[in-house]
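Number of protein chains: 4
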Amino acid sequence: MEVGFIGLGTMGRGIAANLVAAGHRVRVWNRSPRPGAAPDGAVLVAQVTDAFAGDAVLSMLANDEAVRSVVLDSGALAAAAGSGKPPVHVNLATISVDLARELTQIHRASGVGYVAAPVFGRPDVAAAGKLHVVAAGAPEALAAVQPLLDAIGQRTWPFGDEPYRANVVKIAGNFMLGSAIEAMAEATALARGHGVAAADLLDMLTGTLFAAPVYKNYGALIAAGSYEPAAFALSLGLKDIKLALAASEAVHAPMPFASVLRDQLVDAIAQGDGARDFAALAKVAARRAGQDG
Amino acid sequence: MEVGFIGLGTMGRGIAANLVAAGHRVRVWNRSPRPGAAPDGAVLVAQVTDAFAGDAVLSMLANDEAVRSVVLDSGALAAAAGSGKPPVHVNLATISVDLARELTQIHRASGVGYVAAPVFGRPDVAAAGKLHVVAAGAPEALAAVQPLLDAIGQRTWPFGDEPYRANVVKIAGNFMLGSAIEAMAEATALARGHGVAAADLLDMLTGTLFAAPVYKNYGALIAAGSYEPAAFALSLGLKDIKLALAASEAVHAPMPFASVLRDQLVDAIAQGDGARDFAALAKVAARRAGQDG
Amino acid sequence: MEVGFIGLGTMGRGIAANLVAAGHRVRVWNRSPRPGAAPDGAVLVAQVTDAFAGDAVLSMLANDEAVRSVVLDSGALAAAAGSGKPPVHVNLATISVDLARELTQIHRASGVGYVAAPVFGRPDVAAAGKLHVVAAGAPEALAAVQPLLDAIGQRTWPFGDEPYRANVVKIAGNFMLGSAIEAMAEATALARGHGVAAADLLDMLTGTLFAAPVYKNYGALIAAGSYEPAAFALSLGLKDIKLALAASEAVHAPMPFASVLRDQLVDAIAQGDGARDFAALAKVAARRAGQDG
Amino acid sequence: MEVGFIGLGTMGRGIAANLVAAGHRVRVWNRSPRPGAAPDGAVLVAQVTDAFAGDAVLSMLANDEAVRSVVLDSGALAAAAGSGKPPVHVNLATISVDLARELTQIHRASGVGYVAAPVFGRPDVAAAGKLHVVAAGAPEALAAVQPLLDAIGQRTWPFGDEPYRANVVKIAGNFMLGSAIEAMAEATALARGHGVAAADLLDMLTGTLFAAPVYKNYGALIAAGSYEPAAFALSLGLKDIKLALAASEAVHAPMPFASVLRDQLVDAIAQGDGARDFAALAKVAARRAGQDG
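Chains as they are written, first to last, in UniProt numbering: chain P, 1 to 293; chain F, 1 to 293; chain H, 1 to 293; chain Y, 1 to 293.
One should not assume that every hint holds.
It does not matter which identical chain is meant; a pair holds if it fits inside one copy or across any two.
Dumping the calculated DSSO-like pairs for lysine-lysine here, alpha-carbon to alpha-carbon at most 30 Å [stated by the list, open to error]:
#1 130 x 242
#2 239 x 130
#3 239 x 85
#4 85 x 216
No lab work stands behind these hints, which were simulated from the structure alone.
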């Protein structure tokens with residue numbers, strides 16, 4: 001397929017490479033020039049409108065502001081709508097439910113297909129083509145881009161016709177991730193205070209009852225006290241928790257764990273740990289207990 | 001080995017049966033008479049002192065009060081200490097760190113060996129002999145009872161010489177379990193408010209990033225809204241969270257997630273759900289969001 | 001003075017009347033037509049630009065969106081800037097710190113004086129001219145409008161040159177108000193559970209240690225269980241708590257009480273109490289305890 | 001009247017002196033010898049049984065453990081019960097609801113009158129005889145000791161026949177005090193982050209909406225950052241919050257503010273501030289925001 005790809009950050013690079021590897025013709029574009037960021041075999045284009053064309057365009061942008069800027073304010077979507085055969089837009093980003101709903105309406109009005117397909121997985125998982133893709137959108141649009149989703153992930157999890165619901169699932173999942181980290185952080189501070197080493201505690205628990213990828217990955221970082229370089233920055237974790245808080249308020253759902261996460265993450269940022277890995281949340285629990293963590 | 005076993009509740013019955021199955025000679029005792037509770041092949045004795053004898057005695061009691069009453073106030077420990085060859089006492093219960101420390105001192109003073117060996121697993125896991133056993137105590141005592149621990153669990157995780165540290169690990173693990181349930185509860189309320197069914201959300205997340213036993217087990221209960229009969233009652237969950245709060249205060253470790261859990265569990269009990277499964281915590285998040293959960 | 005007044009809600013009406021009573025010539029404007037809302041002696045004008053003129057214009061609008069719409073998007077500020085002698089704009093609204101900073105820059109760039117002057121007091125206090133006014137802005141602008149502030153309040157509390165700081169103080173104060181209500185709510189549920197009537201508890205405490213206006217006013221509502229009509233709606237309380245959370249995140253200040261308030265207020269709204277008085281927050285604590293509150 | 005007085009701490013000394021000043025004959029006793037602690041005109045006795053006699057005995061002890069030790073374990077109550085004419089015991093301490101209920105039963109069984117009369121006020125207020133006394137107990141016992149309560153306080157607030165209800169009111173009030181401090185702490189951190197000095201913020205708010213004694217007293221300490229010497233130690237504040245949490249669990253009342261207070265106070269103690277004034281809670285909010293507070 002003829003595919004555009006927008007956003008060559010740590011996640012986007014690996015995803016784009018997998019599209020190339022699957023035999024698609026890929027034009028890539030990035031907001032800031034990143035020499036060498038384009039994967040081998042992809043064509044780097046100078047204008048976002050050149051990427052927002054073809055059979056489909058996948059965008060992997062950092063947040064709501066970036067999506068607004070690149071997709072809407074740039075005129076890229078409007079230009080595509082005015083072309084003879086607009087691409088289906090596959091939005092891989094973790095964005096707010098509000099923006100997801102707005103984008104759905106705007107795409108529909110402009111005649112451009114729209115699929116929300118946020119992904120679970122850290123950069124190494126993206127590079128390996130092993131992401132879990134949560135997808136929602138009109139059935140025909142979803143069917144059209146399924147080969148692309150197959151190229152970037154190990155499995156696509158469909159969540160129906162309404163794109164924003166895929167975003168809700170992604171937001172809920174990231175909230176659960178943050179909660180798992182905080183739970184390990186508090187458990188570790190408790191145990192350390194009583195003379196049990198973090199590694200001993202977490203090896204046992206993440207090897208048994210909590211033998212799941214997120215616990216193993218983040219538990220290993222906490223046990224090692226190793227928070228740099230960040231695979232997923234703590235400040236992005238706060239962004240996601242705020243998405244959960246906003247989405248929950250819209251449907252009147254209290255989320256006291258999300259509220260605690262907000263405060264612990266703000267604390268971490270105040271101490272200068274915003275650019276460290278999300279797992280550095282564990283430093284807050286340790287510091288508040290008067291421990292070296 | 002000659003083994004005493006105290007406490008024939010839902011957990012104890014299966015554990016005692018596995019000791020019999022492994023070829024040990026087992027005398028069992030329970031506080032309240034439970035006709036038929038003694039596993040085939042075990043001998044039901046009338047006095048706790050008759051069980052607190054032999055090579056080893058395992059006790060599986062509900063809480064601090066039960067342990068105090070049965071082990072200390074009954075005179076069982078004192079009687080064993082006065083016998084020629086006291087048994088090693090293996091305490092399987094989830095008890096407070098304070099009581100764990102006190103029991104260690106009392107056993108040491110009385111010359112009775114003491115191993116703390118709290119277990120992870122619900123009653124069906126206990127019956128299958130697949131528990132994870134967290135054990136700590138003097139090396140020789142631990143070595144002496146290892147065959148018994150092998151009979152009841154799939155693996156023993158040693159945590160050193162100080163018995164109370166095994167209890168800390170158990171308390172930390174149960175806190176993490178409660179946190180996992182609450183995280184799923186809030187995520188589910190958020191998703192449900194946006195039209196995503198609990199089962200769809202939890203199937204995806206507990207099949208991927210959170211593919212761990214506790215998420216799968218409790219996630220299935222939440223997805224089904226099925227909270228009876230309780231494998232592990234919500235009111236016992238509150239007991240364990242209170243153990244975490246007490247143990248954390250002793251070492252000055254704030255635990256904001258544990259505090260949230262306390263309040264959500266108290267809320268659940270106020271609405272009459274104390275005897276339902278720990279997973280019924282999810283009803284609180286749903287009810288607070290104005291949802292049928 | 002020649003004074004424009006924008007916003008004839010429950011607060012604005014009383015404030016405008018006090019400006020008339022102090023001898024000023026007042027032109028009033030409201031977004032939606034409110035027949036009879038203009039106080040006697042004031043002139044109702046048809047265009048917002050007619051109110052945004054004279055020596056000064058005071059605006060009392062509901063939230064950030066209303067301020068943006070009426071002051072910026074309407075062209076009122078631009079029109080005033082283009083006139084020969086623009087008025088000083090006194091913004092009485094409770095708005096976000098971000099918007100306060102933005103408005104300061106826009107006014108400065110356009111040459112229109114700007115004073116932030118949010119007020120403390122419920123509608124009856126506004127009608128009585130007894131508000132406490134928190135004011136910040138350029139000294140000459142502040143001096144120019146002081147007679148107007150004197151007419152609407154019992155006292156002006158100056159907070160320096162930077163307008164946004166007055167908004168910070170207002171946000172901090174409303175957060176403390178919400179905290180006082182929640183504290184009374186929890187204390188009341190605790191006491192009621194033990195057989196102590198809400199009125200008995202609150203009469204004692206708000207008559208002694210907590211003998212302050214907010215405790216007496218809101219305590220009386222909680223004791224009476226009387227939440228309608230709302231002098232200050234619970235949903236506006238949530239708006240203010242969200243302003244506190246946003247302002248605190250900007251300076252990396254965790255606010256766990258504000259986070260609890262968010263969740264309790266969201267809970268209240270989910271149960272249909274958003275239009276009741278802020279004091280209806282007490283229903284959440286009662287309901288969660290299984291009490292009729 | 002012939003009065004015994006037990007407990008010559010910072011509060012007790014002033015209270016005992018006021019009893020002497022009112023013309024009563026006072027015998028005083030303290031657990032640890034405190035040379036010079038007995039007020040002029042009082043008689044220091046060597047045995048607690050010598051103080052637990054006469055028309056009435058007032059005890060002002062630190063916590064549940066001290067009350068159990070001095071009143072029950074010492075045999076003082078039993079000795080008084082066995083005398084011809086036992087005194088009415090007035091318990092001024094802040095104790096748990098559970099112990100309050102137990103003491104009521106024990107006194108009743110022994111035939112010794114019992115009044116719970118916890119007091120509000122810091123040591124300087126106690127010395128001035130201006131305490132607020134919250135009293136509950138059998139009407140005849142209460143009437144008998146009213147002259148003594150009049151001597152130590154500015155007003156007695158009766159809460160009926162059941163002594164424990166007075167303790168509930170005291171616990172609820174101390175929880176509200178802690179909440180007021182935390183609310184000021186968070187508001188101050190928010191404002192400070194935006195360039196508003198703590199003193200400016202708190203002067204305004206505690207001079208207007210929050211013009212109540214506790215806000216003025218503790219607000220002044222926070223504004224000055226002056227936490228030593230402690231009039232009421234932070235670690236005692238945590239004790240009282242734990243009483244609130246225990247009492248609330250007994251009646252199934254969630255108290256999320258109390259839970260936050262627990263964690264903030266534990267944090268403070270971990271940083272070494274347990275012996276500083278309760279107002280040092282404000283250091284936690286400041287430190288977590290990365291501020292010097």
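Hint-by-hint comparison with the structure:
| no. | hint | verdict |
| --- | --- | --- |
| 1 | 130 x 242 | within (27 Å within a copy, 38 Å between copies) |
| 2 | 239 x 130 | within (24 Å within a copy, 41 Å between copies) |
| 3 | 239 x 85 | neither (35 Å within a copy, 45 Å between copies) |
| 4 | 85 x 216 | neither (46 Å within a copy, 45 Å between copies) |
Figure legend: structure checked against the earlier numbered hints; hints not met, in rising order: 3, 4.
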